[in-house]
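Student: In order, the protein sequences belong to chains A and B. Going by the UniProt record's numbering, the first sequence opens with residue 1, and the numbers climb by one from there. Going by the UniProt record's numbering, the second sequence opens with residue 1, and the numbers climb by one from there.
A couple of the hints might just be wrong.
As the list claims (entries may be wrong) - Here are the simulated lysine to any residue pairs, SDA-like style, with alpha carbons at most 25 Å apart: (1) A:Lys78 to B:Arg50; (2) B:Lys63 to B:Ala31; (3) A:Lys3 to B:Lys167; (4) A:Lys120 to A:Leu131; (5) A:Lys36 to B:Thr29; (6) A:Lys120 to A:His25; (7) A:Lys36 to B:Ile110; (8) A:Lys78 to B:Trp85; (9) A:Lys78 to B:Ser87; (10) A:Lys78 to B:Val37; (11) A:Lys3 to B:Ala31; (12) B:Lys167 to B:Asp83; (13) A:Lys119 to A:Lys3.
Stated by the list, open to error - Derived CB-CB ranges, DEER-like: (14) B:Asn86 to A:Met1: 45 to 55 Å; (15) A:Asp10 to B:Ser87: 52 to 62 Å; (16) B:Gly61 to A:Glu83: 29 to 39 Å; (17) B:Asn86 to A:Thr175: 26 to 36 Å; (18) A:Asn72 to B:Ser17: 31 to 41 Å; (19) B:Ala34 to A:Gln161: 22 to 32 Å.
Don't read these hints as lab results, they were simulated from the structure. All figures in this text were calculated on a predicted structure; none of them were measured in a lab. Note that the Cβ used here is the ideal one computed from N, Cα and C, for glycine as well.
Chain by chain, the residues:
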Amino acid sequence: MLKKAYDWIDERLNVTPLWRDVADHDVPAHVNPAIKMSAFVYCFGGLTFLVITTQILSGMFLAMYYTPDITNAWYSVKYITDEVLLGNVVRGMHFWGASLVIIMMFLHMLRVFFTGAYKKPREMNWVVGVLIFFVVLGFGFTGYLLPWDQKAYWATAVGAQLAGSIPWIGPYIQTLLLGSHTVGALTLTRFFAIHVFFLPAALLVLLALHFIMIRAQHIAGPL
Amino acid sequence: MSDFHERASREQQPGLSRRQFLTYALGGTGAFMASLVAVPFVVETFDPIRRGGANAFVNSGHKVSEFNKTLPQLVEFRAHRDDGWNSADIPSRAWVILQEDGSPLAMSPICTHLGCQVNGTLGPDGKPEPSQDGQWWFHCPCHGSKYTVYGIQSPGSPAPRPLDVHKVKVDEAGYLYLGPLQQRNSAGQVIS
Ligand code: HEM
Ligand code: FES
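Isolated chain B, as found in the complex (with noise of 0.2 Å):
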């Protein structure tokens, strides 16, 4: 009787009954087991976050001595590009001006608004010439955003920032070496 009444009492006991702790074992082994099926497909998809943008610079093909604190000068020059398996060297553009203090800086003519190529004030003879714009020397064939010949937007434009940047650097010989893109604030400072 007595006997009875403890086993009774032991299976009401709080905490797993059997029955719990096969659901428990049997549930975890089997969400082991399917995980390590889904890791690695996880892990796989976001591969792409790891990589960075394009690091490489290379050759501008010009002389820093090339440029002027005036007017800004069009560089060809072909970008590297990493893309999956594929690479290649894509042709590319900047507008290159010296700062006040000398120092080369190298803007992407992709205009910050929607992307289309924004030109440059240029003679009939395809040089740089100043402005007849005031301070606007870059114009948007699209919707009109204006920028100065440092890449910073007019106050009406509908670009958001100023045009983007390449990072730079200078070898021994005084080449100039175009590196990635970085954009600025509305100040004109990078901010990434």
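The shape of chain A in the complex, shown without the other chains (with noise of 0.2 Å):
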């Protein structure tokens, strides 16, 4: 049955060629932990991914109860975490994947660290990986504000002011990170608004980046 659809839409697209030349590969051998158990060190960049479309999905369907507004948004996670059926493990899937996501990112970066992957011709993909680095920070950044408690209001208070700490400069990348001079309502909108289509937009291109230089230059050799 789903044999059938596949073979009739595969008849008039010819859609074989599109996912085999993405999907259809061997595992090097050294990147294969079923040959060796401690390539499983190749595996964190594959998780990352996984946990960010986990905290993509989770963050959709928080979305559907949250609202950036200062006298509503913490009524608005406390509905969530306490009222709507299982709101509490989605919105827990998306706090601790929060953190999930920087550990394994973390432990990839190690990964392409300690094998020299980054070495010509890589260079670029490295930082292509600190960009994306860099965007994680700016998710729990934003991301820690939008429950609107205490935690988050001073979190945000002390993240401003490292901001305006900055010579010259600071004070108006203060006033422009908070959409205001001092953390209100502007802070709220505009830290939802990256945390929500900003970043996500700016992840998935770099994202789309680092696979295709993958497929390009193929995984590093072995050590």
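Put the two chains together into one complex; each comes in its own frame, and the hints tell you how they fit.
Tutor: Have a look at this one:
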């Protein structure tokens, strides 16, 4: 039944070469944990992507109940946690996942570093990786404000002061970051927009570049 | 020789091949893990289904003895509404008349056609007075639906059904409490 539907589409659109080109490759021996257990370190990049995928999904589902307004944000998060069926699970996935992305990404980076995979010809992919790192830190910083509780408020207040302490331009950066001269309603809407629209867009573009470059250059050889 | 034949025939046995078995096992494990992630999302999304509509009864501030069997009286009350993380007492209105058996009928002023507020027949002093339009006492300003004092629509009205009615309760002191709205069929019987 599924096979028939697939064949019907394939006959008309010839999709088989498309996915074969993406997915049908032998895993090199030095990257295959089934051959050498220690090769599991090569899984961290894929695991980072897996966790990012669940972050995007859980974030989309949180956004159905969340509202970025200073009088209601906290109540809407409380509603998700206390009232919505399994809302605490979805929020928990997003909450713990946020730390997990950073852990996985860091392990991935360590693997690339210690296998020397960043060397010529893969320098540009290291640079893209560092940009992804900053984007993910941006997710963490902006997402942390969204529940609008004490922790959120003061973490952002401190973060803003850090930005404000940059010589000369600091105060301007701080005002632009907060959308205002203090942490308030405009900060919350701004962080929400950055967290939910700007950063996901940037992240998807960077990930596409990351993966296209890996395809073009293949995975680095054994040590 | 016979050994070779035996092996060959074993490999052609119907049933699962090694490759199929692995495909199913890995596919099944993958599907299980994916559903662990997906199930909370689906449940969370369908949460509104399990929430009932407004169920609370609020005191109308009037005793049943203040109403009569001839003309509906306008009652202004505050309907409690829980809306996600918001809750508010929303100013609301109902028209209340006593039925033949003396039980109160509390009608919503919302036209069942497209939701305009229907007007009762009021005199210059704002008090209800008998209709000059035969049995039609409520008139909708939008597309002309007409209703009797019991909220039953006229045959030519665009309104598809009578005015909705509140569930009602009366406490020991005789105060009228208004609950959730219910729909009625054209015979005036509550259907939901
Ligand atoms: C690498 C990706 C991401 C990271 C590291 C991340 C991080 C965070 C963090 C730390 C919070 C605060 C959670 C809490 O204290 O409860 C949060 C909240 C939130 N995030 Fe994300 N996030 C990511 C991706 C996304 C995406 C893609 C979306 C939507 C498209 C999203 C939507 C939300 C929403 C609506 C909230 C507020 C709800 C809440 O606070 O529980 N997130 N995020
Ligand atoms: S809304 Fe009342 S007649 Fe159309």
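Student: Each hint needs a verdict: does it hold in this structure or not?
Tutor: For each hint, the structure was consulted:
1. Proximity of A:Lys78 to B:Arg50 is assessed by CA-CA distance (about 18 Å); at most 25 Å being required, the pair is judged to hold.
2. For the proposed pair B:Lys63 and B:Ala31, the alpha carbon gap of about 62 Å is over 25 Å, so the pair is violated.
3. A hinted pair counts as satisfied when its Cα atoms are at most 25 Å apart, and A:Lys3 with B:Lys167 does not qualify at roughly 55 Å.
4. The suggested pairing of A:Lys120 with A:Leu131 holds, with an alpha-carbon distance near 18 Å, which does not exceed 25 Å.
5. With a C-alpha separation of about 23 Å, the suggested pair A:Lys36 and B:Thr29 falls inside the 25 Å cut-off, and the hint holds.
6. Of the supplied pair hints, the one linking A:Lys120 and A:His25 holds, its CA atoms being roughly 23 Å apart against a limit of 25 Å.
7. Our distance criterion of 25 Å between C-alpha atoms is broken by A:Lys36 and B:Ile110, whose separation comes to about 73 Å.
8. Using a Cα cut-off of 25 Å, the hinted pair A:Lys78 and B:Trp85 holds, with the two alpha carbons roughly 8 Å apart.
9. Our distance criterion of 25 Å between C-alpha atoms is met by A:Lys78 and B:Ser87, whose separation comes to about 14 Å.
10. Distance check on the hinted pair: A:Lys78 and B:Val37 sit about 22 Å apart at the alpha-carbon level, within 25 Å; holds.
11. At most 25 Å may separate the alpha-carbon atoms for a hinted pair to count; A:Lys3 and B:Ala31 meet this at roughly 18 Å.
12. About 20 Å separates the Cα atoms of B:Lys167 and B:Asp83, which keeps this hinted pair within 25 Å; it holds.
13. For a cut-off of 25 Å, the pair hint linking A:Lys119 to A:Lys3 is broken: about 44 Å separates their Cα positions.
14. Range check, B:Asn86 to A:Met1: Cβ separation about 47 Å, and the 45 to 55 Å hint holds.
15. Range check, A:Asp10 to B:Ser87: Cβ separation about 55 Å, and the 52 to 62 Å hint holds.
16. For the hinted restraint 29 to 39 Å between B:Gly61 and A:Glu83, the CB-CB distance of approximately 31 Å keeps it satisfied.
17. Distance hint check for B:Asn86 and A:Thr175: the Cβ-Cβ separation is about 32 Å, which falls inside the suggested range of 26 to 36 Å.
18. A C-beta distance of roughly 58 Å is found between A:Asn72 and B:Ser17, which places it outside the suggested range of 31 to 41 Å.
19. A hinted range of 22 to 32 Å for the beta carbons of B:Ala34 and A:Gln161 is inconsistent with their spacing of about 43 Å.
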